[in-house]
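Protein chains: 2
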Amino acid sequence: MPEIRRDPVSGRWTIVASTRNERPSDFASGKISESKKNCPFCPGNEDQTPKEIYSVKSSKENNWRLRVVPNKYPALVPSLDAECLESEGLYRKMEGSGVHEVIIETPDHFRQLHEMDEDDISEVFKCFASRIREIKKDKKIKYVMIFKNYGRHAGASLAHPHSQLIAMPMVPMRVANELEGAQTYFSQNSRCVFCDIIREEMAFKKRIIEENDFFIAINPYASRFTFETWILPKKHLSHLEETPEEYLKNLSGVLKATLQKINHSLGETAYNILIHTMPAQEDSSPFYHWHIEIMPKFSHMAGFEWGTGFYINTVSPEKAAEILNSGKKYNK
Amino acid sequence: MPEIRRDPVSGRWTIVASTRNERPSDFASGKISESKKNCPFCPGNEDQTPKEIYSVKSSKENNWRLRVVPNKYPALVPSLDAECLESEGLYRKMEGSGVHEVIIETPDHFRQLHEMDEDDISEVFKCFASRIREIKKDKKIKYVMIFKNYGRHAGASLAHPHSQLIAMPMVPMRVANELEGAQTYFSQNSRCVFCDIIREEMAFKKRIIEENDFFIAINPYASRFTFETWILPKKHLSHLEETPEEYLKNLSGVLKATLQKINHSLGETAYNILIHTMPAQEDSSPFYHWHIEIMPKFSHMAGFEWGTGFYINTVSPEKAAEILNSGKKYNK
Numbered sequence: 001m002p003e004i005r006r007d008p009v010s011g012r013w014t015i016v017a018s019t020r021n022e023r024p025s026d027f028a029s030g031k032i033s034e035s036k037k038n039c040p041f042c043p044g045n046e047d048q049t050p051k052e053i054y055s056v057k058s059s060k061e062n063n064w065r066l067r068v069v070p071n072k073y074p075a076l077v078p079s080l081d082a083e084c085l086e087s088e089g090l091y092r093k094m095e096g097s098g099v100h101e102v103i104i105e106t107p108d109h110f111r112q113l114h115e116m117d118e119d120d121i122s123e124v125f126k127c128f129a130s131r132i133r134e135i136k137k138d139k140k141i142k143y144v145m146i147f148k149n150y151g152r153h154a155g156a157s158l159a160h161p162h163s164q165l166i167a168m169p170m171v172p173m174r175v176a177n178e179l180e181g182a183q184t185y186f187s188q189n190s191r192c193v194f195c196d197i198i199r200e201e202m203a204f205k206k207r208i209i210e211e212n213d214f215f216i217a218i219n220p221y222a223s224r225f226t227f228e229t230w231i232l233p234k235k236h237l238s239h240l241e242e243t244p245e246e247y248l249k250n251l252s253g254v255l256k257a258t259l260q261k262i263n264h265s266l267g268e269t270a271y272n273i274l275i276h277t278m279p280a281q282e283d284s285s286p287f288y289h290w291h292i293e294i295m296p297k298f299s300h301m302a303g304f305e306w307g308t309g310f311y312i313n314t315v316s317p318e319k320a321a322e323i324l325n326s327g328k329k330y331n332k
Numbered sequence: 001m002p003e004i005r006r007d008p009v010s011g012r013w014t015i016v017a018s019t020r021n022e023r024p025s026d027f028a029s030g031k032i033s034e035s036k037k038n039c040p041f042c043p044g045n046e047d048q049t050p051k052e053i054y055s056v057k058s059s060k061e062n063n064w065r066l067r068v069v070p071n072k073y074p075a076l077v078p079s080l081d082a083e084c085l086e087s088e089g090l091y092r093k094m095e096g097s098g099v100h101e102v103i104i105e106t107p108d109h110f111r112q113l114h115e116m117d118e119d120d121i122s123e124v125f126k127c128f129a130s131r132i133r134e135i136k137k138d139k140k141i142k143y144v145m146i147f148k149n150y151g152r153h154a155g156a157s158l159a160h161p162h163s164q165l166i167a168m169p170m171v172p173m174r175v176a177n178e179l180e181g182a183q184t185y186f187s188q189n190s191r192c193v194f195c196d197i198i199r200e201e202m203a204f205k206k207r208i209i210e211e212n213d214f215f216i217a218i219n220p221y222a223s224r225f226t227f228e229t230w231i232l233p234k235k236h237l238s239h240l241e242e243t244p245e246e247y248l249k250n251l252s253g254v255l256k257a258t259l260q261k262i263n264h265s266l267g268e269t270a271y272n273i274l275i276h277t278m279p280a281q282e283d284s285s286p287f288y289h290w291h292i293e294i295m296p297k298f299s300h301m302a303g304f305e306w307g308t309g310f311y312i313n314t315v316s317p318e319k320a321a322e323i324l325n326s327g328k329k330y331n332k
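As you go down the protein sequences, you meet chains A and B in turn.
Oh and the first sequence: position 207 is 207 in the working numbering, straight run, nothing missing.
Oh and the second sequence: position 321 is 321 in the working numbering, straight run, nothing missing.
Extracted from the complex, chain A is given alone in its bound form:
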C-alpha cells in the first residue's frame, strides 16, 4: 500500500510508492522506442493491462478507439477505509488511497495528440469528464488530477499516446494555492480572475496563440516556461466535468492547432499537459475557472527554482507567441 507522508515544515505531501519503481520504460536507451510489438497499450496486447474500465468503440469495425484501464503501477490505490492521519513519531502520514487510471488515447502507437482527428480528441475530453463524474461519486475523493507526460524529459515512461488520471483524498497544494488566489481576487474585484485574464488578452492580442468562439489559447503573462501555453473556456465554467458537450467538441480544434504550432516551432519537444479544475466535491464556483496548462520542457528546473519557487524564463510570452504564430522555427 502506498503511503502519503506530510513534510512537517512546509505541509507538502509526498506519495511513497515503491511499486512504481517496477514499471517498464520505452526510454531506457534514451530514444523513443519503436517496440510496438511489446507495447502494452497497442491493440492485440489488451491482456497486458488490468481490466478495461471505459472504452469508445469504432463505428465501422468493433475495434476500440480509446480505452481506460487502471494503472498497473499505481501511485494511489482504492481503499475502503475513510482517510485519516496516523502519527509516526513527530510525523504524520496516511494510507495512499485513491484512483490511478491510464487513458489510452488512440490504438495507433505513433499518432500523437496533435496528429489525431478532432473527433478523436473530443472523445478524449468527453472521457475525462465522464471519468471524473464517475469517480467523484466516492465522497472520499477530493480532487481528480488529469495530466499527460509527452516525451522522456516530461516524465513519460511509455511512448504510446496516453494520459493519466489520479484521484486523491485531499485538494493538492498547487490547486489550493490557485483557488485561494482566485478567491482573494474575486472578493476584491467581484470578478473571476481568469475571465479578466481572457478579457485582457483579447484586448492586448499579443499573447494569443489560437481561439474560436468557445476557447482561447494564450501564453500567460508570467509564463514559468518558455512557450508555456494555457487554454481556457471563454465562458465561465469552474468544472471540466460540467462543461457542455458542444464546448468539449470545440476544444479539440484549438488544442490541436496549438500543439501543432508548438511542435512546428520547437521541433520534437517534451511537454506536460495538465488540467486544473474545481475540487471534485465542491459546487460550481463564481471565482474559479477550469483550464489546461501546456508546459514544453526543454530546459531543466535548476536549484534556484527549487529553492525559491521563482522561475526564470528567457523568452517573454509576447516573443514566444510571435514565434509560434509566425511559423518560424525556434532556435534553442
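No wet-lab data here; the hints were simulated from the structure.
Be aware that a few hints might be false.
Treat identical chains as interchangeable: a pair holds within one or across any two.
[Claimed, not checked] SDA-like cross-link-like pairs, simulated, lysine to any residue; straight-line CA separation at most 20 Å: (1) 319 x 21; (2) 235 x 260; (3) 37 x 23; (4) 249 x 129; (5) 205 x 88; (6) 256 x 120; (7) 319 x 298; (8) 37 x 72; (9) 37 x 184; (10) 93 x 311; (11) 319 x 23; (12) 137 x 62; (13) 205 x 92; (14) 60 x 270.
Position chain B against the provided structure of chain A, taking the given hints into account.
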C-alpha cells in the same frame, strides 16, 4: 533589464531575462565537455569573466583557490531605484533588480565538490557567509539564495565546479512557505520544528547518512526525490551568515562524506544543492533553522507533480539511507 512578473492567480513570480539565453553551454553535445581550454572559470581565462569581487589565494604561490565574479548572464541586475510594482493592464511587474554572482569553487576544472579537500570546502562556505553579510547591507535585498546545479539534468550549463548566489528584492514563495510552517509549529509547540526533526532522527537512527558534533545529514521523512538529503546544524541557528566559523569548518566533513556516498551509490548523477536560510533583513529567529537540501535528479518531474505540488517517490527515505550507508550501488 530583466523583469519580475507576478502571476495574477497564484501570486507566483517569474523573472523574464532574455540575456540568459545567450549563455554558453558545455552540454550542447549531451556530454560533459572537457573543453578546459575554453572554460571561462579556468585559471588563465580570468579575463573572460566580469571583474572579481572576492577571492581566496593559495598560501604557497599567488594562485587563487576560489573566486567570486558577477554572473555574465544575470537573472537579476543591480539597480539604484527602490523596488515598486508597476501595472501592465491587469498585471503587475517590477524591475528585475538584485545581484547574481558565481562562486568558482576551485581552479581545477575536474575536481568536483566531493573530491575537494575539506579545507577548500570550508572556504566555499566561509565565502557564502561573507557574501551574504556584504550583500545584505543593501536594505532592498530581502533574500539571498545560494545554490549549485551539478550536471546537465540539474540545470548546469558549465561543467567547472561552481555555485551561484542570487539576491532578490522579496522573500521567495518556497522560503515564505517554510517560514510560515515553522512559525505555526513554533506557536503550537514552543519548539523549533527543525530542532525536533533532528531529535527525532537521532532517536530513530534509520534515516541518518552522516553526523558529527556539529552537523547531521538525513534523508527526510517526506523526501520528494529519491535519495534527497538534508544537512542541518545540530545547534539552533537561523542564519547561515551568523554561523560560527568553527561550525562551518566542521560542515565540510559531513557534506563531503554525504556527497561521496551519493556519488558511490548512484554513480554519476546530476543534483541540485540549495541553502535555505532566514531572510536577509530579519533578526535571529527561534523558529527557523538554516539547512542544506541536496536533490539528486534521476527522474524527471512530471505532469502530476507540476499540477499538484505532490511528489511521488519510489524509494522510501529509510530504504534510501540503507542503500547509501551500505556502500551498495543503487540499480536505477
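Status of the hints after comparison with the structure:
1. For a Cα distance limit of 20 Å, the shortest separation of residue 319 from residue 21 across copies, 13 Å, qualifies, whereas the shortest one inside one copy, 40 Å, does not.
2. Taking the shortest alpha-carbon separations for residue 235 and residue 260, neither the intra-copy value of 24 Å nor the inter-copy value of 56 Å comes in at or below 20 Å.
3. Taking the shortest Cα distances, residue 37 and residue 23 sit within 20 Å of each other inside one copy (17 Å), while across copies they are farther apart (43 Å).
4. Taking the shortest alpha-carbon separations for residue 249 and residue 129, only the intra-copy value of 12 Å comes in at or below 20 Å, while the best inter-copy value is 58 Å.
5. In the homo-oligomer, the alpha carbons of residue 205 and residue 88 lie at most 20 Å apart only across protomers (14 Å), although the nearest pairing inside one protomer, at 54 Å, exceeds that limit.
6. Taking the shortest alpha-carbon separations for residue 256 and residue 120, only the intra-copy value of 11 Å comes in at or below 20 Å, while the best inter-copy value is 54 Å.
7. For the identical chains of this complex, residue 319 and residue 298 are intra-copy neighbours only, at 17 Å inside a copy versus 32 Å across copies, given an alpha-carbon limit of 20 Å.
8. Taking identical chains as interchangeable, the C-alpha atoms of residue 37 and residue 72 lie at most 20 Å apart only when both belong to the same chain, with a minimum of 18 Å there against 50 Å between chains.
9. For the identical chains of this complex, residue 37 and residue 184 are neighbours neither inside a copy (52 Å) nor across copies (55 Å), given an alpha-carbon limit of 20 Å.
10. Only between protomers do residue 93 and residue 311 lie at most 20 Å apart by alpha-carbon distance; the minimum there is 14 Å, versus 30 Å within a single protomer.
11. Proximity of residue 319 to residue 23 under the C-alpha cut-off of 20 Å is restricted to the inter-copy arrangement: shortest distance 19 Å between copies versus 40 Å within a copy.
12. For the homomeric pair residue 137 and residue 62, neither the shortest alpha-carbon distance inside one copy (30 Å) nor that between copies (73 Å) is at most 20 Å.
13. Taking the shortest Cα distances, residue 205 and residue 92 sit within 20 Å of each other only across copies (18 Å), while inside one copy they are farther apart (48 Å).
14. In the homo-oligomer, the alpha carbons of residue 60 and residue 270 never lie at most 20 Å apart, since the shortest distance is 34 Å inside one protomer and 51 Å across protomers.
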